[in-house]
Amino acid sequence: MTFHEINTGDTAWVLISAALVLLMTPALAFFYGGMVRSKSVLNMMMMSFVTIGIVGVLWVTYGFSMAFGNSIGGVLGNPAQFFGLANVLGAEVGTVPAVVFVGFQAAFAIIAVALISGAVDARMKFSAWCVFVVAWASLVYFPAAHWVFAFDGAVAERGGFIANTIQAFDFAGGTAIHINAGAAALALAIVLGPRVGFGKVPMRPHNLTLVMLGAGLLWFGWFGFNAGSALGANELAGLAWVNTLAAPAAAMLAWLVTERVRDGHATSLGAASGVVAGLVAITPAAAVVTPLGAIAIGVLAGVGCSMALSLKYRFGYDDSLDVVGVHLVGGLIGTLAIGLFADASLTGSLDTAGLLAGGGLTQLGRQALGAGVVLIYSFLVTWLIAQALKRTMGLRVPMAAEAHGIDLGEHAETGYDLSKAQYSSYNVGKTLWLPNDTSKDENTEVSA
Amino acid sequence: MTFHEINTGDTAWVLISAALVLLMTPALAFFYGGMVRSKSVLNMMMMSFVTIGIVGVLWVTYGFSMAFGNSIGGVLGNPAQFFGLANVLGAEVGTVPAVVFVGFQAAFAIIAVALISGAVDARMKFSAWCVFVVAWASLVYFPAAHWVFAFDGAVAERGGFIANTIQAFDFAGGTAIHINAGAAALALAIVLGPRVGFGKVPMRPHNLTLVMLGAGLLWFGWFGFNAGSALGANELAGLAWVNTLAAPAAAMLAWLVTERVRDGHATSLGAASGVVAGLVAITPAAAVVTPLGAIAIGVLAGVGCSMALSLKYRFGYDDSLDVVGVHLVGGLIGTLAIGLFADASLTGSLDTAGLLAGGGLTQLGRQALGAGVVLIYSFLVTWLIAQALKRTMGLRVPMAAEAHGIDLGEHAETGYDLSKAQYSSYNVGKTLWLPNDTSKDENTEVSA
Amino acid sequence: MTFHEINTGDTAWVLISAALVLLMTPALAFFYGGMVRSKSVLNMMMMSFVTIGIVGVLWVTYGFSMAFGNSIGGVLGNPAQFFGLANVLGAEVGTVPAVVFVGFQAAFAIIAVALISGAVDARMKFSAWCVFVVAWASLVYFPAAHWVFAFDGAVAERGGFIANTIQAFDFAGGTAIHINAGAAALALAIVLGPRVGFGKVPMRPHNLTLVMLGAGLLWFGWFGFNAGSALGANELAGLAWVNTLAAPAAAMLAWLVTERVRDGHATSLGAASGVVAGLVAITPAAAVVTPLGAIAIGVLAGVGCSMALSLKYRFGYDDSLDVVGVHLVGGLIGTLAIGLFADASLTGSLDTAGLLAGGGLTQLGRQALGAGVVLIYSFLVTWLIAQALKRTMGLRVPMAAEAHGIDLGEHAETGYDLSKAQYSSYNVGKTLWLPNDTSKDENTEVSA
Amino acid sequence: MKLITAVLREDAVDDVQIALARQGISGMTVTEVTGYAHQRGHTEVYRGEEFTISFITKIRLDILAKDADADTIVQTICTAGRSGSIGDGKVWIQPVEDVVRIRTGEHGESAI
Amino acid sequence: MKLITAVLREDAVDDVQIALARQGISGMTVTEVTGYAHQRGHTEVYRGEEFTISFITKIRLDILAKDADADTIVQTICTAGRSGSIGDGKVWIQPVEDVVRIRTGEHGESAI
Amino acid sequence: MKLITAVLREDAVDDVQIALARQGISGMTVTEVTGYAHQRGHTEVYRGEEFTISFITKIRLDILAKDADADTIVQTICTAGRSGSIGDGKVWIQPVEDVVRIRTGEHGESAI
Ligand SMILES: Nc1ncnc2c1ncn2[C@@H]1O[C@H](COP(=O)(O)OP(=O)(O)O)[C@@H](O)[C@H]1O
Ligand SMILES: Nc1ncnc2c1ncn2[C@@H]1O[C@H](COP(=O)(O)OP(=O)(O)O)[C@@H](O)[C@H]1O
Ligand SMILES: Nc1ncnc2c1ncn2[C@@H]1O[C@H](COP(=O)(O)OP(=O)(O)O)[C@@H](O)[C@H]1O
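Protein chains in written order, with the working numbering: chain A, 1 to 448; chain B, 1 to 448; chain C, 1 to 448; chain D, 1 to 112; chain E, 1 to 112; chain F, 1 to 112.
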C-alpha cells in the first residue's frame, strides 16, 4: 500500500458511505420483498439478510484479500496477503485508513450477491441459496471485483486487468456489480426453471408500500455507493452526488412516461423501478459525466429498462423481479453510455472522452470489452455453479411447499398475522389444548 | 463566488446532510401515505416520489440558477448563470465545493414541493399534480428560496431581499419551506374542493406503522436539514443538532399532553404529529436559540399546532393531512419565536436578539415581515396556478374513480394484496382463462 | 474540559453518528412493534417514541450534567454544572465541540431506556411507562452512564468509578446500556406479571417485515453507535466499523444454524434476532478485538442468546420480546469476551489483554466486576421503582383493555385498517348518522 | 323465522344500515366478500403486465328476522341499496328452524 | 341434516372449539365477521376527531351436523360461548337438503 | 331456488370457477374462511417456540341457483374441486324462499 497522510474529513465520508451502502441490502430486501406474493415475502427478505451474514464473514476472512491482494496475473488477488484482515491495520488507501476501505468494499460485495435473489422468488431451497452465495461470491464476485476495482498501487502493488489493462471506467460498479449480478441472475433463473404458474396465474406485488420503502432507502444508500466511491469528501464526490440525484430522477420520469404511453397508467411500481434503473445506469458513470449527461443516461435507462422487462415472457425464463431487465440492461446502458457521454474535463483527456463528447470510439470499445468479459464470465460460471448444486443438493423446494408458500415450508413462519380475532386452536410448545382428553388430539389426521 | 479553501470535514458533513435531506421526501411519502385510506396510499406516495423526479431535473437545469444566480433586484436569481450547472465545478460556497451545495439545496427544493401533497389526498389528477409541481417550483419555490437563502456573496454577488434587506433569520427554511408550502396547501385545497364525504364519512389512517416510520425517518433526515445548514462540521452544527432533538422532543410531549387533556387519550398519531410540528418550528431557529429556548419553541409548537387542526373543519377546506395546521402554523410559530427567544450570543448582537432574550421588537418585526411576504405571495400565486389548471386540464379525478379508489383509477394498482388465498379469475397479459371457449370471456359485461 | 483544536472531520463523523444512534430508537420501535400482536403494535411503538421525547428533554436539562458533570465520588456527575447545557458552548471533548458530544450521548440515553419496553408488551399503563422512564433514566441510567462513560478529564475533571477505578472496558455501552437495560427489563417484567394467556395462547409476531425493517435500521444505526464511539474519523472507528459488520454477521449465521439444528428451520425472526444479539455483544468490545475476534464473539452471542430465550418459560416471567435473552445475555457475553479476546496491540498493554490473547485473568476480572455492579444495581433499583409505581398509580391496564387490545384502550387507535370496504356506521365528530331521527342513536346500548 | 342475506356494493352498507335502523332493525352480521357475476372487474398493470381482476369487493349482510318483518326488511334493503347500475347485488330469504341468544339461552323469535 | 351457524365473541372461539371437539364434533368452517346489535362499539380518536366504530369483530362458525347431533351442538356452543354480558351472539339452525364430500363424492350424513 | 355453498381448497377456486363458467353459471359470492376438520394444520416456529395452527385457509363459494341447475352445479364443483387428498371440502344445498335482484327489484328465478 502506498502511504499518505490520513485525512479525517475523507475518512468520515467513507465511513458513513460504507454504512449507507450496507443499508442498501436490507433496502433491497424490502424492495424485492414487497414485490412478491405475501406467502414468499420472508424467504425473499431472508435471502438478502443471510447474504449479509455469509459475505460479511467471507469478506473479513479471505474475500477482501482475493479482491484487493496483490494481483496474480491481473486475474486474482493473493488470498493469503490480507487473510483475516492481517496487514490491514496501520495501512492506508488514499487518504483513508485501509480498514475503512475494507468496510466500504464489504458492503459492495454483499449487495452484489444479494441482487441475484430477485430472480429466484418463491422456489429456491434456502440451504441451496446459502451454498450458492458462498460459491458465487468466491468464484465470481471476488475475482470480478479484483478485475474492476483493484487499481495498481491503490491497495496492493498490482491490481486487476480491466481497471489497469483494458482501462474501462467503472466508477462505482456498473460492471463489477450490476452486469455481473444481472448475468448471474439470468443463468440461475434458467437452471432453476420458472415458478409454478409463471405466465399463467397472476403474481402481483403484495405490498407496494414496502417496495417504495425499499426504493427510497436504496436511493439514500446509493449516495454512499456512488459519491463514496470518490474515497474522499471533495468535488468529485459532490459531482457524483448530484449525478446520483439527476439520473434516477430523469429515469423515473422516463419510465413513467413510457408506461403512460404504453399501458395508459403511470404506476408506483414503475416509479420505484425507474429510480433503481437510473441508479444502476449512473453507477459506472457518476464521476465522468456532467449533470446534463447524467440526465441523458437516466432517460436512456428509464426507457430502455422498462422496455426490456417483457423479454422474460418472450424467452420464457422466470427472472421473477427483473434482475436482468433492471440490473443487466441498466448496467450495460450505463457502462456503454460512458463511451458516449464521458466528459474530457472529467476523465482527464480527450482520448478517454465519449463519442458524443468530442472523443472517439476508443473508450466505447474499452467499455464494451470490460462489460462483455464480466457478462460472459459471470453467466458461464454461475451456470456451472447452479448445475452443480442442482445435481447434488437440489435447487428447488418441493412443489407442495411452493404451492403452500415457501415462507411456511422453508422458514416455518408467515409474514403477517393481521387478523383481529386471534382464534387459534394452536398448540403452544408441546402443551396440547385438551389435557383431560389425550385421546383427542385435534391436530392429528383422523380418518373420515 | 467567493473562494475559500475546501475543508474535507465540512464537505463530508454537507454531503451526508444532503443525503439525509433527500431521504426526507420518501419519509414524507410514508408519513403521509400511512395517514390516508388504503385505497389512496399509492397515489399519496407517488406525489412525493414524482416530485423528486421532476424537481430533481428542474433544479439541475434552471432551478439552482433561479435560486442562487446573481440577483435581479433581490427578487430572482439569473437563470442563465448556472444553467445546467454551468460554472459550478471549480467554485466553492464557504468551505465546501459549490456542487455539494447544489445537491444539498436540491433536496430542500424537493421536499418543499412534496409537502403540499398532504392537502390533496385522494382526489387530484396525477397529471395535474405533475404540472402543478413544475409550475409551483418555478413560480413560487425558486423565487422564495432566492429571497430567503441567497445571501449576498455566498454563491453569487447579490442575493435575495429577505435575507439581505429585511434581514429576517431563517436558518434552515421555516419561511422558505414550511410557511411557503403551508400557504400553498391552503390555496390548493380551497381550489380543489373537499374529498367526497369530507367531514361526514370517517377517513381514518390505514397504517399507523407507516406513519411512525415516516416520522422516524423525517426526524433522522431533519438533522441534515438543520445541522447541515451550518454548512460545516462545527459547533453551530452541533447546537442545531441538539436543538433538533430538544424541540421536537418537547413538542411531542406537549402534543400528547394536549390530547390527553382534551380527548382523553395520548395517541401515536399525536406523537408523530408532535414530532413533525416541533421539527418545523425549530427549523428557522435552530442556530439562534439555546437548547432551553428550543424546548420552549417545541412546547409552543406542540400545543399550537394540535389546537390549529380543527380549523379546517370550522372553515370547511379539506387540507386532508393538515399541511396548514402543522407546516404553516408550525413555521409561523418558529419564525416568530425567533423574535422572542433569539439569543444575542448566538445572533451576534443585541439588536438582533429576541424580545424575551433582552432584545427589542426589531427582530420580531423583521421575522413577521419576512413570513408575511412569503405567505401572501405563496397563497396568491398558488391560487392562480390552481385556477389555471382547473380551467384547462382539470384538477380532479372523476367522482367514480375517487369512490372506487384513486390508486386504481390513476395508477391501476392496489397497495396491498394480503389475501392468503390468491384466487383470481384474472387474465394475465392477453391470455384468457377459457381458451377453449372464447365466446365466454368472463370479464365482459353480460346483460342480465 | 480539556481544550484541543476542533477537527472538522472528527466532528462530521460524530455528528452523523449521533443521528445514526438516534435513528436506532425508532428502529427499535419497528423491531419490537412487528413482534407483538397487531392489537398492541402502537403501544409498543409509542413506548419507544415517548422515550425519545422524555429523555430528550431530561438530557438537555439535567441528564447530561448528571452523567458527565464533575464526579461526586465517582458515583454521580454534578447535576448543576451543565444544567440546561450551561457551560457547554465553547468547550470541547477531544477534538469535537462539546455540544456535539452532548447530542451523541443523548441518543445513547434514549435507546437505553427504550430497550426495556420489550419486556412489558400489551399490559403496562402508558402513563405508568412515562413515569417509569423519568425515574429510571434519572435513578439508573444517568448514574450508570457516569460510572462507565465518564473518563477523568474527558468532559469534566473527575469521572465515574467503573471507567477510572475498576478500569473495565466498555467501548460503546455493553455494560452501561445492554446489561443495564436487560437487568431492568427482568425486574420490571417480574413486578408487572405476565400477559393474560402467557405461555398458553399463541402470541406470534404480527408483521415480520416490520421486524426485519427494525433489524436493518438498527444495524445501520449501530455503525454510529460503535464506530462513532471512537469520537473521531480514524482507524479506530474503521476497526469498530468492520467489527460491527463481522460480529452480527457471524451471530446471524450462528443463530440460524442453532435453529436449524434444534427446530428444523432457519427463521427470519431468528436472523433478525441473531443480528441484534451480535450487535449487542460486539458493542463493548468493538475497538479492542480484531475482526476474527469479532467473529468469535458473534458466534458466542448467536448460540448463547438463542439458547437463553427459553429461560423465560422455565422461570415463568414474561419478558415478552426477550430483552433479557438478547440484551442482558448478549451484553454479558460481549463484556466478558473482552476478558478473553482483547488484543494487546489494541488495548495498549498485555496487562489489559484477554485470557486467550496472551493476557491473564486481570482484565476478565475487571470486566466481570463492572458488569456485576451495573447488573445488580439496575435490577434492584428498577425493582424498587416498579414496586413504588405499582403501589401508587398502578402498573397495569384493566384486564378487559388488555383482552380487547391495549392500542384501543390506551391510545384509542388501531394500527391497521386495510379493509377495502370502509363500511362504518361511524360517527364523525359529534355529527350523528341519523340527523332526522335523533331518538335512534345506533351507538347507544339498547336493551334487548 | 327467516335469515335474510344481502350482497351489497361496498358503499351501500351505510345507507342500508341507517335505513334498517330507522325501522327498528338493528341486528346484523357483516362479512367482507368478493363477488362475481355480470359486473365487470377492473384491470391492474404491474411492470407492463396487465392483470384483470374479476372479483369485486362486496359486503354481505346476514339478518335474522321474525317472519313478520322479513318482507319489510327485504324491501328496505332493496330501496336503500339500489344505485341502479350493474353490481347492486342480491337479497335472498331462507328458513330458519330456531335461533338461540347465547347470553340468555332464549329461543325463537325472542332471541332475535 | 342441519347447518348450525354461530356468531361468537372473538375470544370465545377456542373454548367453543375445544368443547365441541370433546363431543367428537371436529368439523367446522370459520369466518371473521363484524356484528352490530345491542353491544356498543368503541371510539377512536385521530388528530382530535372522534370516530365511533359500531361494528364489532365477531367470529362466525358454520357447522354441518347430523339431525341427531344438532341440539347437542347448539347446547354446547351456548354453554362454552357464554360470558353473560351483551354481545355473546346468536346460534341458529337451518335445514340442509344434501351434503357432498368433494374428495369422495359421498352424499348425505356420511359426508359430514 | 337453492343456495349451494362450497368450501374449497384455496387453489381449487380458479378451476371451479372456470368449470362453472363453461356451464353458463357465472354468478357467485366468495368468502375467505378457515376450516378445521380432518386435515392437519401446520406448524410455525418463533424464537424456538412451536405454534401448531390447526385452522386452514379455505374458500367458500355461495351460489344461488335455479332448482333445475342445482345438481349440475354440485356435480361440477365436485369434479373441478377434487384433488383426492384430505381437505378438499364440502358442498351443501339449502332451500331458498325468494331471491331479489336489488338493481331491478325482480323476484324469484329471474333474479338469479
Ligand atoms: N348466482 C349468484 N349467487 C350468489 N351470488 C351472486 C349470484 N349472482 C350475483 N351474485 C352476487 O351479486 C353481486 C352482483 O351481481 P351482478 O350480477 O354483478 O349485478 P346485479 O345483481 O346488479 O345484476 C355479485 O358480485 C355477486 O356477489
Ligand atoms: N338479528 C340479527 N341478525 C344477525 N346477526 C345478529 C342479529 N342480532 C345480533 N346479531 C349478531 O350477534 C352479535 C351479538 O348481538 P348483541 O345483540 O350485541 O348481543 P346479545 O346477542 O348478547 O344480545 C352481533 O354483533 C351480531 O353479529
Ligand atoms: N361438519 C362440518 N361443518 C362445516 N364445515 C366442515 C365440516 N367438516 C369439514 N368442513 C370444512 O371442510 C374442510 C375440509 O374438511 P376435511 O375433513 O379436512 O377434508 P375432507 O372434506 O376432504 O374430508 C374443512 O377445512 C372445513 O372448512
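There could be a bad hint or two in this list.
With a straight-line Cα cutoff of 27 angstroms, these simulated BS3-like cross-link-like pairs (lysine-lysine) come out [claimed, not checked]:
{"hint": "1", "chain 1": "C", "residue 1": "Lys-200", "chain 2": "C", "residue 2": "Lys-390"}
{"hint": "2", "chain 1": "B", "residue 1": "Lys-200", "chain 2": "A", "residue 2": "Lys-200"}
{"hint": "3", "chain 1": "A", "residue 1": "Lys-200", "chain 2": "C", "residue 2": "Lys-390"}
{"hint": "4", "chain 1": "B", "residue 1": "Lys-420", "chain 2": "C", "residue 2": "Lys-200"}
{"hint": "5", "chain 1": "E", "residue 1": "Lys-66", "chain 2": "F", "residue 2": "Lys-66"}
{"hint": "6", "chain 1": "A", "residue 1": "Lys-200", "chain 2": "A", "residue 2": "Lys-390"}
{"hint": "7", "chain 1": "B", "residue 1": "Lys-390", "chain 2": "A", "residue 2": "Lys-200"}
{"hint": "8", "chain 1": "C", "residue 1": "Lys-200", "chain 2": "B", "residue 2": "Lys-200"}
{"hint": "9", "chain 1": "D", "residue 1": "Lys-66", "chain 2": "F", "residue 2": "Lys-66"}
{"hint": "10", "chain 1": "B", "residue 1": "Lys-390", "chain 2": "A", "residue 2": "Lys-420"}
{"hint": "11", "chain 1": "B", "residue 1": "Lys-390", "chain 2": "B", "residue 2": "Lys-200"}
{"hint": "12", "chain 1": "C", "residue 1": "Lys-420", "chain 2": "A", "residue 2": "Lys-420"}
{"hint": "13", "chain 1": "E", "residue 1": "Lys-66", "chain 2": "D", "residue 2": "Lys-66"}
{"hint": "14", "chain 1": "B", "residue 1": "Lys-420", "chain 2": "C", "residue 2": "Lys-390"}
{"hint": "15", "chain 1": "A", "residue 1": "Lys-200", "chain 2": "C", "residue 2": "Lys-420"}
Heads up, incomplete: computed chain D residues facing chain E, CB under 7 angstroms, no partners named [claimed, not checked]:
{"hint": "16", "residue": "Thr-29"}
{"hint": "17", "residue": "Glu-97"}
{"hint": "18", "residue": "Arg-103"}
With the C-beta cut set under 7 angstroms, the calculated list includes, among others, these residues of chain C facing chain B [what the hints assert, rightly or not]:
{"hint": "19", "residue": "Thr-11"}
{"hint": "20", "residue": "Leu-42"}
{"hint": "21", "residue": "Val-100"}
{"hint": "22", "residue": "Leu-346"}
{"hint": "23", "residue": "Gly-415"}
By construction, these hints were calculated from the structure, which means they are not laboratory data.
Just so it is clear, CB atoms sit at the ideal spot from N, CA and C, and this is done for glycine as well.
Hint by hint, here is what the structure shows:
Between C:Lys-200 and C:Lys-390 the alpha-carbon distance is near 25 angstroms, which keeps this suggested pair within the 27 angstroms criterion. A threshold of 27 angstroms between alpha carbons decides the hint, and for B:Lys-200 with A:Lys-200 the separation of about 43 angstroms lies outside it, so the pair is violated. Restraint check: the Cα-Cα separation between A:Lys-200 and C:Lys-390 comes to about 60 angstroms, which exceeds 27 angstroms; the hinted pair is violated. Proximity of B:Lys-420 to C:Lys-200 is assessed by CA-CA distance (about 26 angstroms); at most 27 angstroms being required, the pair is judged to hold.
A hinted pair counts as satisfied when its Cα atoms are at most 27 angstroms apart, and E:Lys-66 with F:Lys-66 qualifies at roughly 26 angstroms. For the proposed pair A:Lys-200 and A:Lys-390, the alpha carbon gap of about 25 angstroms is at most 27 angstroms, so the pair holds. Between B:Lys-390 and A:Lys-200, the direct Cα distance comes to roughly 43 angstroms. Violation of the 27 angstroms bound is thereby established for this hinted pair. A threshold of 27 angstroms between alpha carbons decides the hint, and for C:Lys-200 with B:Lys-200 the separation of about 43 angstroms lies outside it, so the pair is violated.
This hinted pair checks out: D:Lys-66 and F:Lys-66 have alpha carbons roughly 26 angstroms apart, not beyond 27 angstroms. This hinted pair does not check out: B:Lys-390 and A:Lys-420 have alpha carbons roughly 43 angstroms apart, beyond 27 angstroms. Taking the CA atoms of B:Lys-390 and B:Lys-200, the gap is near 25 angstroms; set against the 27 angstroms cutoff, the hint holds. Among the hinted pairs, C:Lys-420 with A:Lys-420 is consistent with the structure: their alpha-carbon atoms are about 15 angstroms apart, no more than 27 angstroms.
For the suggested pair E:Lys-66 and D:Lys-66, the alpha carbons sit about 26 angstroms apart, so the restraint of at most 27 angstroms is met. Proximity of B:Lys-420 to C:Lys-390 is assessed by CA-CA distance (about 43 angstroms); at most 27 angstroms being required, the pair is judged violated. Distance check on the hinted pair: A:Lys-200 and C:Lys-420 sit about 26 angstroms apart at the alpha-carbon level, within 27 angstroms; holds. This hint holds: D:Thr-29 has a C-beta 5 angstroms from the nearest C-beta of chain E, less than the 7 angstroms allowed.
The beta carbon of D:Glu-97 is positioned within 7 angstroms of a beta carbon in chain E (closest approach about 4 angstroms), and the interface hint is therefore held. For D:Arg-103, the interface hint holds, the least distance from its beta-carbon to any beta-carbon of chain E being 4 angstroms, beneath 7 angstroms. For C:Thr-11, the interface hint holds, the least distance from its beta-carbon to any beta-carbon of chain B being 4 angstroms, beneath 7 angstroms. For C:Leu-42, the interface hint holds, since its Cβ comes within 7 angstroms of a Cβ in chain B; the closest pair sits about 4 angstroms apart.
Taken as an interface hint, C:Val-100 checks out: its beta carbon lies about 4 angstroms from the nearest beta carbon of chain B, inside 7 angstroms. Residue-level restraint check for C:Leu-346 is violated (minimum Cβ-Cβ distance to chain B is 25 angstroms; threshold 7 angstroms). At a threshold of 7 angstroms, the smallest CB-CB gap from C:Gly-415 to chain B is about 5 angstroms, leaving the interface hint in force.
Of the numbered hints stated above, those contradicted by the structure are hints 2, 3, 7, 8, 10, 14, 22, listed in ascending order.
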